[in-house]
Amino acid sequence: MPRARQGGLFAVHVLRGQAQVHFMPSALTGVIFTVALFTAGWQYGLYGLVGTAIGTGTAQLLGVDRSRVSAGLEGFNACLVAVGFAVFLGPGHPSTMVLAAGGCAVVTVVTAAATTLLRGWGLPALTLPFCLMASAMTIAAPGFERVWHGGPATAGLSRAAEGTVALAVDDVARAFFANIAQIFLMPQWYVGLILLVGIFAASRTAGAMACVGSAVGVVTAWALGAPTARIVDGTMGYNAVLVAMALCGVLLAADRWSLGFAVVGAAAATVLGPALNALFAPAGGHSFTWPFVLTTLVFVASVPALPRLHRTGPPAVRPLTEPVGSGVVLGA
Amino acid sequence: MPRARQGGLFAVHVLRGQAQVHFMPSALTGVIFTVALFTAGWQYGLYGLVGTAIGTGTAQLLGVDRSRVSAGLEGFNACLVAVGFAVFLGPGHPSTMVLAAGGCAVVTVVTAAATTLLRGWGLPALTLPFCLMASAMTIAAPGFERVWHGGPATAGLSRAAEGTVALAVDDVARAFFANIAQIFLMPQWYVGLILLVGIFAASRTAGAMACVGSAVGVVTAWALGAPTARIVDGTMGYNAVLVAMALCGVLLAADRWSLGFAVVGAAAATVLGPALNALFAPAGGHSFTWPFVLTTLVFVASVPALPRLHRTGPPAVRPLTEPVGSGVVLGA
Amino acid sequence: MPRARQGGLFAVHVLRGQAQVHFMPSALTGVIFTVALFTAGWQYGLYGLVGTAIGTGTAQLLGVDRSRVSAGLEGFNACLVAVGFAVFLGPGHPSTMVLAAGGCAVVTVVTAAATTLLRGWGLPALTLPFCLMASAMTIAAPGFERVWHGGPATAGLSRAAEGTVALAVDDVARAFFANIAQIFLMPQWYVGLILLVGIFAASRTAGAMACVGSAVGVVTAWALGAPTARIVDGTMGYNAVLVAMALCGVLLAADRWSLGFAVVGAAAATVLGPALNALFAPAGGHSFTWPFVLTTLVFVASVPALPRLHRTGPPAVRPLTEPVGSGVVLGA
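Chains as they are written, first to last, in our numbering: chain A, 1 to 332; chain B, 1 to 332; chain C, 1 to 332.
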């Protein structure tokens, strides 16, 4: 195969890696997601894109199964690692760049390990490798003088966290979209809107479930009395979005049982969020997408004992010439 | 089958669910346990009974294997979740009732997951699902304004915690029975006494091992210098009771090797208790029956490598018309 | 077999147990390691030797597979438990002696459990049993009046921790050897030097990888800006030593791919160290060899998905008459 063609294919794998952050193995969705991330900040866009490329490239170098590489499954954790390091260590420091590059390479090894360890139960690795890497790095960072420059950039997680006392209509709208943006660790509602367009471009079911999950997240957080500012900036609801998508359509066959399952799971993940934040807080850590990972693994692991629910078939790998697909192949 | 008969059977399953908190698949024991819990406080009794019913009903609705439901294996974690929420969030608040009901439904999913994940090693889920749910809820609760009403009710865990300087004879007696009561999160010695009667009603071996475990818990805690108040209210020794029962008779065949194993395990769980309390404390969490779960899983997992010890056979499910049985079928 | 012969064999098994702390199944190496530990302090030497004997004896009593006992695989975790208890609870207290003896017996059960649980993935238990026991004990200890005598002896971990401002040549040399000594929780560079001689006596590859790991640990810690005092006393780099040895020669076949893997793993473990210290600190815990255990398990678990890397064959058990061997049989 000519070198140019391979380069072209590699770009497609990277774009699918971007799209897999929201479970979609679609290069078109990857393009839209990349636009969204650059809209949030060019530095984050660059970190995400280069991170996905490093992760995908490392997987190729180490000989990971081609079907995983081409579906983008070796890119999305690296994307999140790079963006996460940029947000928490500051994107402008050379130390952050070096560590992010190293983290994107190592997360490929962690992904391989997680995939192997979970395979016996038919469970996917989801964003577990990202959570492990990002937790280790953010907790370790203050202990290293040349790494730590005083905590997360204000451009990051807390930007939209100005306190409000009641949940107005535009607050709800902002929260609804911010939930989707926070999966990339970004708080801007319009970033979430662009991401949602990208999800719908790949799959109508996935887009609908992202909306359901976001709504469940907002309602649960509001009903239990979570701080308004945290609802509005999306930090209360982003796990619900991912859980709802995973449990109805992505990992479980979409029907009314899995819809109910997804709603319950999304609410559970919304409660689990502050629990994990409190658990990590004394050590200086964050919950990242741990609530999504743990809730989804538990709910999916329960399926063999619950005859009402059904796993989706073995992940179909889209042919390389057909980048847009409604099929979803996360973490097979 | 006529509807009345089904309702009757459901009640038997619920009573067995109550009894399974102490490993006994006996409806008679379930009746005695229910009496004990109402003696501790009518609200706790009601929470426990309704919780077991919700858990058992959810399992039926989701199509869980009937032998598990009829043995009460789908009820005991829900019972503990409901009582735990009542103790830590206050039984009188409507928010607690809604959350407890939700928790009892979700713990069925967690039980199904834990059972599936542990099956490969032949390990039972024990109270792991309860520990996960209760830990998540108690750690998350202070972050939700409509959930948190200022910490556990004084009626709960700390009632008997008035400090004493030396361990008098009646302290030892109170501690001995309180250890058994604390498994239902209650500190009253007479509740423990009623529970012990219920255990003996189902199995003499189980009753004897509950006594052995409680004694080992008191002696170990006293010998190492634990605070007297915590020994007397049973918070130092309840894990030892469960570990001793599990390791000699319930999960391992009762002989002199497993008796020694149970004594060592009970002592180890007594040391592990304060460790897990210290680990959860910075986040505002509690150790619940984590020390029992972790110690028992480790000791039972070691059996295939230790030829002196033997697992009990596959759990025999009692016929539905024979509610009282000495056989024990926890978490198969 | 005459009793004297058996006693002699038991001594060989104990010496191999000492040697297995650094993966070596060699009685000669065990003798050199024992000398090193006595050089660090006669009390630590005695704790280590008696601990290994108790662990090995308990395993024999419980009927653990003879090939594991004779290879020393039932001794090294007990050795570390005994030394760890001595360092953190003070070697002179009778309470420490009783608890250490109990800990060495219980760690045999934990080892059996860890071996059984990890066998399905072909993963060894490494020092996971020691980490579990030592973490539980050190976190629980302050809650027990007769156990806690005011924290680790000054002779222990912190001896060499006098602060220095820059990393001089002799600092680097001290750090290089202290990294090897800290695996036995000792900070003295000359103890590390003796241990290194012992490793080379068993295997040149293992000795070389210990040097590579120690160098990677020093360089990584320095490059990221770790405190000089912690680099010099070996607490930043001891995990890197073990990871490098495990990933190139011990668990993975030694070639240039596994050499690169080992270097990356050693650097990752050096970053993970402060993360786990921060995670345990609020509860009063320590990271022990958790960073080594977690990094090595993840990297080895990834191998089935990474065709460039290869596991070593099934661990060859050396004949009992041939105590010195370059083959390495840790935690099969």
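Hints were generated in silico from the structure; no laboratory data involved. Even glycine gets a Cβ: it sits at the ideal position worked out from N, Cα and C. Check the hints yourself; a few may be wrong.
Heads up, incomplete: computed chain B residues facing chain A, CB under 7 angstroms, no partners named [stated by the list, open to error]:
1) G63
2) V110
3) A113
4) T115
5) T116
6) L117
7) L118
8) I139
9) A140
10) E145
11) V212
12) A215
13) V219
14) A283
Okay, the hints, checked on the actual structure:
1. G63: holds, 4 angstroms
2. V110: This hint holds: B:V110 lies near chain A, its Cβ roughly 6 angstroms from the closest one there, short of 7 angstroms.
3. A113: holds, 4 angstroms
4. T115: holds, 6 angstroms
5. T116: holds, 5 angstroms
6. L117: Result: holds, 5 angstroms to nearest chain A Cβ.
7. L118: violated, 10 angstroms
8. I139: Status holds, d = 4 angstroms.
9. A140: Result: holds, 4 angstroms to nearest chain A Cβ.
10. E145: With Cβ-Cβ at 3 angstroms, under 7 angstroms, it holds.
11. V212: violated, 33 angstroms
12. A215: Violated, because the Cβ-Cβ distance from B:A215 to chain A comes to roughly 35 angstroms (cut-off 7 angstroms).
13. V219: Check failed: Cβ of B:V219 comes no nearer than 33 angstroms to chain A, outside 7 angstroms.
14. A283: holds, 5 angstroms
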